[in-house]
Structures are given as C-alpha cells and as structure tokens.
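*Asks:* From just these sequences and the hints, can you work out the full model?
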Amino acid sequence: MAISRTRNFCIIAHIDHGKTTLSDRLLDSTGTITEREKQDQLLDSMELERERGITIKAHPVTMRYKAADGYEYELNLLDTPGHVDFAYEVSRSLAACEGAILVVDAAQGVEAQTVANVHLALKQHLTLIPVINKIDLPNADVANVRRQLEEVLAIPGDEAIPASAKAGIGIDEILEAVVARIPPPAAPQDDHLRALVFDSVFDIYRGVIIYVRVFGGQLLPGTKIRLMSNGNEYEVKEVGVFTPKPVARQALTVGSVGYVIANIKSTADVRIGDTVTSSRDPAKEPLPGFQEIHPMVFSGIYPINTADFEHLKNALAKLRLNDSAFIYQQESSVALGFGFRCGFLGLLHMEIIQERLRREYDMDIIATYPSVVYQVVKTNGEVLEVDNPTHLPDPSVIAEIREPAVKVTVLCPNENIGDMLGLIMDKRGEVSHTESLDSRRVMLEAIMPLNEILVDFNDRIKSLTRGYGSMDYEPAGYRPAKLVKLDMLVNGEPVDAFSSIVHRDKAEARGRALAAKLKEVIPSQLYQVAIQAAIGGKIIARETISAMRKNVTAKCYGGDITRKRKLLEKQKEGKKRMKAIGRVNIPQEAFIEVLKA
3 MAISRTRNFC IIAHIDHGKT TLSDRLLDST GTITEREKQD QLLDSMELER
53 ERGITIKAHP VTMRYKAADG YEYELNLLDT PGHVDFAYEV SRSLAACEGA
103 ILVVDAAQGV EAQTVANVHL ALKQHLTLIP VINKIDLPNA DVANVRRQLE
153 EVLAIPGDEA IPASAKAGIG IDEILEAVVA RIPPPAAPQD DHLRALVFDS
203 VFDIYRGVII YVRVFGGQLL PGTKIRLMSN GNEYEVKEVG VFTPKPVARQ
253 ALTVGSVGYV IANIKSTADV RIGDTVTSSR DPAKEPLPGF QEIHPMVFSG
303 IYPINTADFE HLKNALAKLR LNDSAFIYQQ ESSVALGFGF RCGFLGLLHM
353 EIIQERLRRE YDMDIIATYP SVVYQVVKTN GEVLEVDNPT HLPDPSVIAE
403 IREPAVKVTV LCPNENIGDM LGLIMDKRGE VSHTESLDSR RVMLEAIMPL
453 NEILVDFNDR IKSLTRGYGS MDYEPAGYRP AKLVKLDMLV NGEPVDAFSS
503 IVHRDKAEAR GRALAAKLKE VIPSQLYQVA IQAAIGGKII ARETISAMRK
553 NVTAKCYGGD ITRKRKLLEK QKEGKKRMKA IGRVNIPQEA FIEVLKA
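Using this note's numbering, you'd call the opening residue of the sequence shown number 3 and step up by one each time.
For the record, the hints were derived by calculation from the structure and aren't laboratory data. Just so you know, not all the hints are guaranteed correct.
Each computed EDC-like pair below joins lysine to aspartate or glutamate, with the alpha-carbon atoms no more than 20 Å apart [claimed, not checked]:
| id | residue 1 | residue 2 |
| --- | --- | --- |
| 1 | LYS168 | GLU178 |
| 2 | LYS464 | ASP18 |
| 3 | LYS540 | ASP498 |
| 4 | LYS68 | ASP18 |
Keep in mind the model is a prediction, meaning the values are calculated, not measured.
*Replies:* In structure tokens form, the structure reads like this:
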C-alpha cells in the first residue's frame, strides 16, 4: 500500500464514553471481521477488561477501507484506555499515530480525562477529529457539547461529527473524515530502518512479540535488527499486522503498524519506547522516545502460602513484560515472610495487577497498605528516596520529609461544589483555580498530596456527586510536610507490616482505627495484651485484649477459702511470668483482615 494511502490514528476519550464500541463498529463497516467473529468489546481480549467494561491495554488493528474517492486505504487503529492510571498507554499509542478521534459523550460532555488526553495529543501535534457519541440517548445535548468543545478545549464545534456507535449512526462520516483530515505518514529523510516499539507481549511458544510502528526503511523476515537502548541484536523470524488476529506479511514498510517476532527470549530485553534499527546499517539517532515511566504507588505483595514464592516470582516476571509501568523487587518482612515490593501507576493499576495474579496465575496473595515515594533530607544534606516505612531513618537525623504532590482536576455539578471543597480541604489540598464549564458544571484545580488521594478519593467524589463527578491528576513535584512514621506495637513489639508514614495531624485517628481493628482480629491470650499506636517513643492510641480466664478452682469444692486463694495466686504468678517471656503470634488471617481494610 502506498504511503499516501495509509492513515494511522487512535481513539481517545474519557472512561466509558464509547471508544471500544466505536472501534467495534469501524471493524464492522470496513469488513475487517466476518459476521461469525462479531462480538461486543472485540478488542478487549483480557477477561478482566470485558468484565469491568474498561480497556487496560492498547490494541492495534489494521483495516482496509474503500473511500468515496474510489481508492482503497489502509487504516491502522489503536484503541486506547481511558482511565487515568493508564495514561502512559495512551501517550505511547499517540506517538505511533498522526491523528486521533476524540470521542465525547453527548449526555456527559467534556470530562476531566478528555481534557488531559487532548493536551497529550496536541503535545504530539496530532490532528484531532471530534466525535459526539451517544446522540441517540434521551438526555443527549449535542449543542451544549459543541459549545464545551469550543470553550474548554478550543476545538471548533462545527467540526464535530454527531454519531452513535451503538446504533451505527455516523460511522461512514467518521471513516471519510479519517481519510480526508488525517495526514498520511511523513516520508522518511533517509533509508535507515527506524521502528518505534509501543508495546510487547509474551507468547509461551514464540517468545517476546514486539508491536512496532515503522518510521523509516522496511522490516523483512531475515533482517538482523538492533534495539538501540541496549544494543542487543536479533534476527527477525516473522512480521505481520493485526486484523484483529495476527496475520503474517512479507514486509512492514514505512507507516505500517504491526508485530515483529525475533527470537527474543527474555522479558527484560525489550523497553517500550525503544527504537528498532538494522544492525548492518544502523540509524544514527533513535526516534524521540517517551519519558521513563515512574511508578507512583508502592505496595508489598506476599504469597499467603510461603511455598508459592517461586510461583509468584515467575508470575510477576510475565506481567512485567506486558506492562512496562509495573516494577518489582524482592523484600522480606518478619511478619509476612518473603515477598516483593511492587510499584504501580495508581490504585486501579494496582488492583488490576493483583486481580490478574489471582486469576491468570491462580495465586493467593496478600498486599500491604499502599504508600508513595517520599524524599527524606538528612541533617548532613543527603537526600534519600523512601518507598517503604521500614527504611525511614531515625527521626534524630531527619531534617525534613517531602511528599509527592499532584495537580488534581475535578469536574462536578454546581450544587456539589461545597462538598467537593470540603473533601479537598479534608485531604490537605489547596484549590488553586475554579472555572464554570457551563450552567451545570464547574472545574476545580487543586494541589494535593498523592498519598491522600490513594485510597478512597475517587470513590468519595463519585458518591458525593451521585456519579456525575470525574477527576484526573498529573504529578506536581515534591513539597515538605509534617510527616511521621506510625508504628503498631503488639505486646510492646513493633509489627513492621502495619507501619505507615502519615501526616502528624492524622496519625492519632489512623492509630486508633488500626488498634481497634487489630483488637477484633487477634485472638485472646492467657494474659492481657496491649495494642498500641506509637510515633517514636510516644504512645498515641491503645486498645487492650483481655486475658482468657481458665477456671482453676473448678475441681476445688468445699473446704477452706484459702485453698481457692492459693490456686488463684498461683495462676496470677504464672500469668505474670508468661507475660514477661510470652510472645503473641499474630495469625495470618489477622494480617489479611487488617490489610484488606
């Protein structure tokens, strides 16, 4: 196919605005799939994606389309995720395209993630085709959405194509717009092979399969290739495209999007955003890559049965290949045994990885409380990065602790603005900017600590706004805060699995909540057990598990009262001695219960 008749584009939108349904319709109307293969969410191949109705991985597919001008065009589509945690998947897909279809829900209008994705696309200089989807809904308001496109995103409203992916309205107009408005791939400056790696998957029989977009030269079976980030060399065994199933081709030429199989064994050899070039005549410069992805949330993952450690290690290695944003390293804990410290992009990302471990690899796992990466400035000027509370140095050598902040954009209905401001204040945020989008909704911008939005922030936005609120966030550097390490002591001994770094003002409330939870799940001993929350040497909360009382006087009937007294005194002595030397064994179930909460 001539380069002038190739179009590379992706679909971007806020979560649930209908990207995947639209991609299903495009495959239908170009005849890429047969009647028999038809199914909803065709490109969402993971069981989890279909069940939750979200896209987690970007999926490439090549379509043939005969346009109104009589020519046949090759359209390469990338269906991208909409959730904030997977924004890195979106940025990688955008680098492989020249244009993007921006889908906006006709009933909900412009949402937080729509704004973020448009900024990403404009940064990559992509041509945008706005599509107003779901116009067949009873509460669709197309005129209002056109106005929002102009006022919030500065995109001309009359360029928007009204459509309904579900009912199949406006699909031909979208395909014609792709051919007419999106430019063909640029001709290369030279003949050097340059291909951008935008994803990779592991196949048990064929090793690592890399997904590429060719920017210069051509890829043929038998070509000797080099990965520019590490200099590793391989021989190409097969190249092809997705229709949506992989189909082998004789060559991938300039502008093509497809896959390459080149006997790559190890998952660690391929880096997303890398440039593939020829080893005989390599390109001088790699393609402008992506910024390195830095995980923002850390959590420990441990096998419930310690014998499963090797199984967990292999499962994490396989997940790491298909997900370049996920990192892990080995660690051990006194309470939980051997496990891994894992880094994720956000909470949904963490939840998905844990769910995939349970489903795809049949693992029984337990995860510790999520934390973020703190910068600790010591009194001698040294700066440490700490992602695990157990690595925090002694308070006497700490000059200050800085926490990661994020710039949060929240869209909510007008009547909920008071509740939203209250929630942001409660989470130690500062609102920097408010703007009315239209007569019904406002946009709030705030700077907030990342660890405050980790656990329940998104859920609380949804419940306060009855589902009409949405949020998006981006990193905003580090800032100093009054942070302390909160330890939980059981019978005077700290339990490292329950340690966390918290803000001083919130330490007492968190300590009380944890102590109360532990009191419920730790079984009674033969002596009193104190559960304490402590900052350094200062106890800030306490609960007591009362002793089990064995009736030692049961066999003692009749006779003098002093016989009973002697037995009770003897029991008291025994309990005292036991308290001095006894250890509380916290059962595994107790850890699971507390860490779940």
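*Asks:* Evaluate each hint against the coordinates.
*Replies:* Evaluated hints:
Proposed proximity of LYS168 and GLU178 is supported: the alpha carbons are some 19 Å apart, at most 20 Å. For the hint linking LYS464 to ASP18, the alpha-carbon distance of about 14 Å falls within 20 Å, and the restraint holds. A C-alpha spacing of about 17 Å is found between LYS540 and ASP498, which places the hinted pair at or below 20 Å, so the restraint holds. The hinted pair formed by LYS68 and ASP18 fails the criterion: a straight-line CA distance of about 30 Å is larger than 20 Å.
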